[in-house]
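Novice: Residue numbers (our numbering), protein chains in the order written: chain S, 11 to 508; chain W, 46 to 142.
Since the hints were derived computationally from the structure, they do not count as laboratory data. Glycine included, each C-beta is placed from N, C-alpha and C at the ideal position. Misleading hints may appear alongside valid ones.
[Stated by the list, open to error] Below, computed lysine to aspartate or glutamate pairings styled on EDC-like, alpha-carbon distance capped at 20 angstroms: (1) S:LYS115 with W:GLU129; (2) S:LYS336 with S:GLU324; (3) S:LYS157 with W:GLU68; (4) W:LYS131 with S:GLU324; (5) W:LYS131 with S:GLU499.
[Said to hold, decoys possible] Interface residues of chain S toward chain W, partial, derived using beta-carbon atoms under 10 angstroms: (6) ASN79; (7) GLU123; (8) ALA155; (9) PRO301; (10) LEU310; (11) GLN312.
[Stated by the list, open to error] Covered by chain S, per the in silico footprint, the following chain W stretches (three or more residues, Cβ under 8 angstroms): (12) 85-91; (13) 107-116; (14) 128-139.
Spelled out, the chains give:
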Amino acid sequence: MASYKTELELRSGEILKMAWEAVIGLEVHVQLATSSKIFSGASNEYGAPPNENTCEIDLGLPGALPVLNEKAVEMAVRFGCAISAEINEISIFDRKNYFYPDLPKGYQISQFENPIVGKGSITIEDEAGAKKIIGITRAHLEEDAGKSVHDLVEDRTALDLNRTGTPLLEIVSEPDIRSAQEASEYFKQIHNLAKFIGICDGNLAEGSMRCDANVSVRQRGESSLGERTEIKNINSFKFVERAIELEIERQIDVLEDGGEIIRETRLFDPDKDETRSMRSKELSDDYRYFPDPDLLPLVLSQAEIEKIRSELPELPQQRERKYQTKFGLSSYDSKQLSVDRNKSDFFEKLTEASRLPKLSANWVNSNLSSLLNDKGLGFDQSPISPSLLAEVLIRIDNGTISSTSGKTLFRAFCETPSEISEIDDRIDEMGLRQIGGTDGLKDIVLEILKEHPNQLAELLDGKQKVLGFLVGQVMKKTNGTANPKEVNEIIQNEIKKE
Amino acid sequence: MTNKTNHIDIAHLANLAKVEIDEATELKLQDDINSVVKMISKMMEVDTTDTLPLKSPLDSPQRLRPDEVSENPNQGLLQRGAPETKGGFFTVPRVIE
Chain S
11 MASYKTELEL
21 RSGEILKMAW
31 EAVIGLEVHV
41 QLATSSKIFS
51 GASNEYGAPP
61 NENTCEIDLG
71 LPGALPVLNE
81 KAVEMAVRFG
91 CAISAEINEI
101 SIFDRKNYFY
111 PDLPKGYQIS
121 QFENPIVGKG
131 SITIEDEAGA
141 KKIIGITRAH
151 LEEDAGKSVH
161 DLVEDRTALD
171 LNRTGTPLLE
181 IVSEPDIRSA
191 QEASEYFKQI
201 HNLAKFIGIC
211 DGNLAEGSMR
221 CDANVSVRQR
231 GESSLGERTE
241 IKNINSFKFV
251 ERAIELEIER
261 QIDVLEDGGE
271 IIRETRLFDP
281 DKDETRSMRS
291 KELSDDYRYF
301 PDPDLLPLVL
311 SQAEIEKIRS
321 ELPELPQQRE
331 RKYQTKFGLS
341 SYDSKQLSVD
351 RNKSDFFEKL
361 TEASRLPKLS
371 ANWVNSNLSS
381 LLNDKGLGFD
391 QSPISPSLLA
401 EVLIRIDNGT
411 ISSTSGKTLF
421 RAFCETPSEI
431 SEIDDRIDEM
441 GLRQIGGTDG
451 LKDIVLEILK
461 EHPNQLAELL
471 DGKQKVLGFL
481 VGQVMKKTNG
491 TANPKEVNEI
501 IQNEIKKE
Chain W
46 MTNKTNHIDI
56 AHLANLAKVE
66 IDEATELKLQ
76 DDINSVVKMI
86 SKMMEVDTTD
96 TLPLKSPLDS
106 PQRLRPDEVS
116 ENPNQGLLQR
126 GAPETKGGFF
136 TVPRVIE
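Hey, can you work out the whole structure from these sequences and the hints?
Specialist: Structure follows, in structure tokens:
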């Protein structure tokens, strides 16, 4: 346990920490959402019984030869285009040699000196909205290894090689990240982008995205880098942040005690809330990289690259900006609407049909989001189409129905959709048409005032609090079809007359 | 690249390779290997500053495969050659880092 520290000691500790700066680089492994493996025709589906999704190529049996999956290549290029990176027309597959039972060939096919994607960048934003550009050094294609299970069979390691040969895109950042929060934000951005452009399902729990963090610290103002450690296999935004925080603190403590940081691979243990040494770090020499003679150079033409670039959807940050400038939405709403591709597409169709961007944004972010959430559906599976919902919103906006009735109608349409031509009939059938501006509503208001003489007296005394109660009574009487704003006005007018 | 004189110890290599050779053969092999080393040293004299590294000896690009599942699960057959399996897993002596 930490000993009791005086305020002065704590403060001097803080000052000491301020003298240090962290330098962080992230390697994010993105599992590509292809149907088959990167070099074989075995299924790439998650969750099959052990070793079901394997074939001779994945198992590295003698004579089996890899053949590259064109979809994996296309997805890598798509990502490269999305981060405005250089796409290399010629890239090479290399063998990375190491021994571990879940790597049956004894080498992993990866890309070393000539990756498919070169330099690019990603913009992250902190809570205050300040933007920062994080450089991306490269992104390369490689195959995943299998999975070792150590506690299943007594005295044995059990191997499930279903994951062997799963296509991975490894995205390597520049050491531009300066804090645990920035690292987590960067990981989130990559996650959102990869999902948005449809190259990854983004399922962190199933390991669809994992990252390694390279962490070092140096005295503030120092330009050379300190010795770094690598924390392996982190699979959540929260863990990235915590693992890096702990590692920064550990390194500062070691250096301040006059110690030395050893280059090594460390493991983050969320249960013990610590990072601990796994093994000394291999240098690239240890892996004896060499071009894989089984695979010829991957050659892409400018035309192929341009075709993939032109098919790229408008990206989250572009959409976010558009929602603010073109539709006048708040930055919060704009961000909420642009993270998920299907949500964003739904919102755009809804706005196009309704011409009511603000109302559309509110409905997509609240009513529709919570309904889909309850039903466990995505925005591409919405039970109500954007064009039908647009008709509901138009009728709320022009006063045909109240906002409350709009919700009732929305829920009804989610159960049984309506033809657009029949909407008004449905409104009448359900008795949702708003009683507004007519003598009808005024009569009801007068009736309510008569029924509640005490509240009326209080209101006349200037107690505005009861106004809400009276409006509520009218809404109840009209089954929510009245327009509360009009009810309010009618009551105010009546008071003036008294 | 430094042009250091490489001496290759044939007797040591023979020992590592567990091959027994007589003295006459050793001398002959030493001569042969020296001439090979000389030839390589000669090649090293060529200025390759502006020459791109050769990535593949074949002047042909990589053939790609459509993203289709073409293999059926055949776990039984594939595991037949494995020394040990259990419940669909391959098993090996326990390795924990």
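Novice: Each of the hints needs a verdict: does it hold here or not?
Specialist: Status of the hints after comparison with the structure:
For the proposed pair LYS115 (chain S) and GLU129 (chain W), the alpha carbon gap of about 18 angstroms is at most 20 angstroms, so the pair holds. Between LYS336 (chain S) and GLU324 (chain S) the alpha-carbon distance is near 15 angstroms, which keeps this suggested pair within the 20 angstroms criterion. At roughly 52 angstroms between alpha-carbon atoms, LYS157 (chain S) and GLU68 (chain W) are farther apart than 20 angstroms, so this suggested pair is violated. A threshold of 20 angstroms between alpha carbons decides the hint, and for LYS131 (chain W) with GLU324 (chain S) the separation of about 49 angstroms lies outside it, so the pair is violated.
As the CA atoms of LYS131 (chain W) and GLU499 (chain S) are separated by approximately 78 angstroms, the hinted pair breaks the 20 angstroms bound. This hint holds: ASN79 (chain S) has a C-beta 5 angstroms from the nearest C-beta of chain W, less than the 10 angstroms allowed. The interface hint given for GLU123 (chain S) is met, as the beta carbon of that residue sits about 8 angstroms from the closest beta carbon of chain W, less than 10 angstroms. For ALA155 (chain S), the shortest C-beta to C-beta distance to chain W is roughly 13 angstroms, which exceeds 10 angstroms, and the interface hint is violated.
The beta carbon of PRO301 (chain S) comes within 6 angstroms of a beta carbon in chain W, closer than 10 angstroms, and the hint placing it at the interface holds. At its closest, the beta carbon of LEU310 (chain S) sits 9 angstroms from a beta carbon of chain W; the interface hint therefore holds under the 10 angstroms criterion. Interface hint at GLN312 (chain S): violated, since its Cβ lies 14 angstroms from the closest Cβ of chain W, which is beyond the 10 angstroms cut-off. Check result for the region 85-91 of chain W against chain S: violated, 0 residues qualifying (beta carbon to beta carbon below 8 angstroms, three or more required).
With a cut-off of 8 angstroms between beta carbons, the region 107-116 of chain W has 10 residues touching chain S; three or more are needed, and the interface restraint holds. Only residues whose beta carbon comes within less than 8 angstroms of a beta carbon in chain S count, and the region 128-139 of chain W has 10; three or more means the coverage holds.
Violated hints, listed in ascending order, are 3, 4, 5, 8, 11 and 12; each of the other numbered hints is respected by the structure.
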